[in-house]
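**Student:** The primary structure of each chain is shown beneath.
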Amino acid sequence: MLKTIGVASLGAVTPKLLKGDVLKAPYKVTEETVHTDILVVGGGTAGVIAAIQAGRAGRKVVLVENGSQLGGTTTTGGVSFPGIHFAWGKQIIGGISWELIQEAVALNGDVLPNFAIPHGRQHWRHQVQLNGPLYAILAEQKCLEAGVSIRYYETPTQAVQENDDWRVETVGKGTRTEIVANQVIDCTGNAYVASLAGFDLLREAETQPGTLMFRLGGYDFDALDLDLIENRYKEAIAKGELVRAEFRGDIVGLLRTKGDNIQHIVGADSTTSQTHTLANIHGRTSLLKHLKFIRTLPGCENTVLEDMRTETAVRETYRIVGEYQVSHTDYVTGVVFDDAVSYSYYPIDLHIIDHGVTPKHLIEGVVPTIPLRALVPKKSKNFLVAGRCISSDRLANSALRVQSSCMGMGQAAGAAAALACAHKTTPLDVPISEIHQLIEEHGGIVPKA
Amino acid sequence: MAHLKTPPVNSVILAILSLVLFVSFRDNGRIRYFQSATLVEDADTVVGFPSMTDGIPDTLFQVRSASGLPLSYYKKIYTGVCFDNECRMLDIVLYWNITGRYLGFELPEDEFLSKFDHEPFSESEYERLHDLLADLLSPLGMYAYNELAPKPSIDEEEVDGITSATSKEILEYVVKGAAFTTYTLRTLVYGPIKDEVESHTRQALSEELILKILQSPDVSDKIWALGEVRERIPLSPKLRDQIFEYINNDSYSLAERAIDAIDGDELASDTLQMLLLQKFYETDYGLKKLILDKLKEAPQLDDKVKANLAENLKKWEGALLSNVLDLYIAQKVFDIETCRLVSELLQNENRYISQKAFNFLQSSGLNDEGIDKELKTYQMASHSALP
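As you go down the protein sequences, you meet chains E and U in turn. Under our numbering, the first residue of the first sequence carries the number 1, and numbering increases by one thereafter. Under our numbering, the first residue of the second sequence carries the number 1001, and numbering increases by one thereafter.
Keep in mind that the hints are not guaranteed to be accurate.
[Unchecked claim] Here are the simulated EDC-like pairs of lysine to aspartate or glutamate, each with C-alpha atoms no more than 20 Å apart in a straight line: (1) K1279(U) with E241(E); (2) K1288(U) with E103(E); (3) K1315(U) with E441(E); (4) K424(E) with E1349(U).
Simulated from the structure, these hints should not be mistaken for laboratory data.
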C-alpha cells in the first residue's frame, strides 16, 4: 500500500513522458583539469598561427577561443584582407600564414595580387582578398591536423603561475576548466590574459574606433544625385538624427563602398563581454539608423542590407608593457633588432574618429622588424603575447596591429613557446638562433641584420 | 554620350607608328606621348577589327609587323567629356600595348587638349596626363563619374569646371582643371577596349610571340604572357628554359605565374620533373609548396623524383613534410622502399611528424610485416601517452 502510494506520488511530480522520451538528470557544469604544453588564448589572426606552429613543432597545444570560429578580425570581423606580406617587391612574411592564404586563394579560384608592381600610395593593392569563411575552415583544419585541441566558447577568468606552470581557469558553455600549461601565449588582442596574470598594460585615453563590416545593395551608385544626398545627410546631422563621426562624415563613401570598412564606432572594445556587447549594439544601431535614412534618398529607396558581420571589429584596446617597446622611430627607420623574429610592413595607420585615416607610408626600402622582447610582458616568465597588444607606442602599434604582422608575430610566438617548453625555460632565455631556425624550418622569414 | 568618328586609315599614321615609340611632345605637329612597347619592330600593316563603343559601331586597329606579329593597337576617339557638353570635344587616338597595357596617346594635327575655359594643356600637364593614364593602380578607377559632377562652390581654389568643383581627394588623381578629360580617358584605356586588345592578341599567340613578350622590360607584360602559356602553347625546350628562369626567389609573382604556366600533362617528361625538383631545392618555402602541388598534376611521378624526396624526408619539418607525403598520396607512391623510409619517421619525437607518417602508412594499404609491426608499436605508444 505504502509502495503504491509512493509510486503514485512519484507519478504526481514526474512529468508525463511521451513514448521514447528519457528523463535526464539536470545538467551539471563539467569541471576538469587539462594539462598541456602550450596554451594559446584567442584563436584570431595571430592565435591560429601560433597554435599551428607550436603543434607542428611537436608540442601539445590547447587553443581557447571565446567565439565560434577561428580567424578573428580576418573572419568573424569581416576584414578578410590580410596585408602586407610583401615589401618593395620581396616577400617578408611567409610560413604558416602564407600557406593558409595560398590555399584559401587557390581553393576559391582567386588570384593573388601582382607583387612585382609597386603599390605606390595604394598599399591595399598588395593586400590579399580572401573568402573569410573558407579561411576559417582551413585554419581550423590545420589546427586539428597539427594536433591542437580547440576549445570554442570559452574564456579565461583567472591566470596564476605556480612554479614554472600557468594555471588558467576558463568558463564556457557547460564547462569550468583549469588548464595547466607550461607556456601561455595571449593572442586575445586585448592583453586580457596578461591583465589577469597581473602584468602592466597601456591604453590610450581615446582609442581608435572599431568598425562593423556590412554590405548594402539595391541601388545604382552611378545614377545617384550625390550633391542632393550630401545635403540631406548634412541636414540629418544638423538635426541630430545621425552622428557624423559614425561614417566619417562621408555618406558618398558609404554608398560607394557599400559599407566596406567605413564605419567608425567610438570606443569599441572587445576585451570583456560587457564592452564587446556595447560595441556590437552601437555598431548595429548606427547601421540601422543609416539604413533607414538611406532608404529615404532618391535612388536608394530599395536599399537593402545584404550581409553583416556578427561583431564590431576592434582596432585598439590594450597593449602590454613589454621587455621592449617598439617605437614609431624604430618602425619607420626599419631598425633590425638582434632578437628580431618577424618583419612587419604597413603604413602608419591611425584611424581618427572624425576624419578617417591618412596613412603615412614608409620610405622606400624600409622594412620594420619585430623583436621578441616586445612580445614578452615585463618581468614575466613563460608568457608571450602575439597580435595587436604587442608592446609598442601608439603610432608604431597602428602599423603593427595589421593582420600580416600579427600572423608573423603568431608564428614567432609559437616557435619561441615551443622551444621554451622543450628547454624547460622561459622564451627570452632560448637562444635566438634556435628560434630563428625553427621559424625558418616552418617556412617563416626571419630578419637578418 | 560618347560619339566616335572613324576616319579612314592613312599612310601618315603608319609612317608615324613605324618610329620608335618613346615619350615626346611634338612630332610633325602632332602631340604624342608613349611608353615603351613590348615589341619594337617596324610596322607593316594595319588591320581593323569591328568594335563597339557605347553601343556605336567602331573600329579597333591592330598594327602588325612584316611577319604578322601584333605590335600595338589604337582607337580613334571623338567624344564629349562633360555631362553638360560645355567642354571641347575630345579628339584623340589612344594606343594599347599588345598585352593590354596602356601605351600612349596622340592628338590629330593641330589638335590640343584643354581644361576649363578651353585653356590648352601645358607640356607638363600632358606629361602628367600620360603618367596618370599609365598608372594601372590609380584610385581614380574606384570613383564613379557622378563623383566628378559639379557642386556649387564659393571656394575658387576648388573650381575645376565652368561652374564646377572637383572633390579634393580626386584632385590627386587627375590633371587639375581637366578632371572629366582624365576620367574619360582612363575609363576608355582600362575599360572594355583593353579586354578586346588582349583577346585579339590571344588569337595571334604563338611560341615566338610569347618568347618575345617574355623579353619585355615591363614585368606586367611577362606576367601576362606567363598567364597565357598553360594549355595554349606547348613547352618547347626554349620556352621551358625561359619559364624556368623565373622560378627563383627574386620575384614571387613571376615565379608563381611561371610554375602555374606548366601544364600537368607536360610533366610526363622526366626531364621537366627533374628540373622542377632542382628548383624545389633552390626556392623559398612558399614556392616549394607550389612546386609540390604542381608535381601532383604529373601523370606519374618519376622514380628519381620519388627517391630523391624520400631520401630527404628526415630533413623536413612541418608543412613541407606534410606536402611531400600528400604528393606521394596523390601519386599513389606506396612502394616498399618509400614506405620503409616513411616508417622511420614513426620514431620522430615530434608527434606531428610521427602522426603524419602514421596517417600516410595507414592509407598506403601496404602489407609488410615490418611496417605493420612498427605501426602497432606506434599505436600502442600513442594510446599509452593519452591522459
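**Student:** Would you mind marking each hint as holding or not holding in the structure?
**Tutor:** Hint by hint, here is what the structure shows:
1. Among the hinted pairs, K1279(U) with E241(E) is inconsistent with the structure: their alpha-carbon atoms are about 63 Å apart, more than 20 Å.
2. For the proposed pair K1288(U) and E103(E), the alpha carbon gap of about 14 Å is at most 20 Å, so the pair holds.
3. This hinted pair checks out: K1315(U) and E441(E) have alpha carbons roughly 9 Å apart, not beyond 20 Å.
4. Distance check on the hinted pair: K424(E) and E1349(U) sit about 16 Å apart at the alpha-carbon level, within 20 Å; holds.
Hint compliance for this structure: hint 1 alone is broken.
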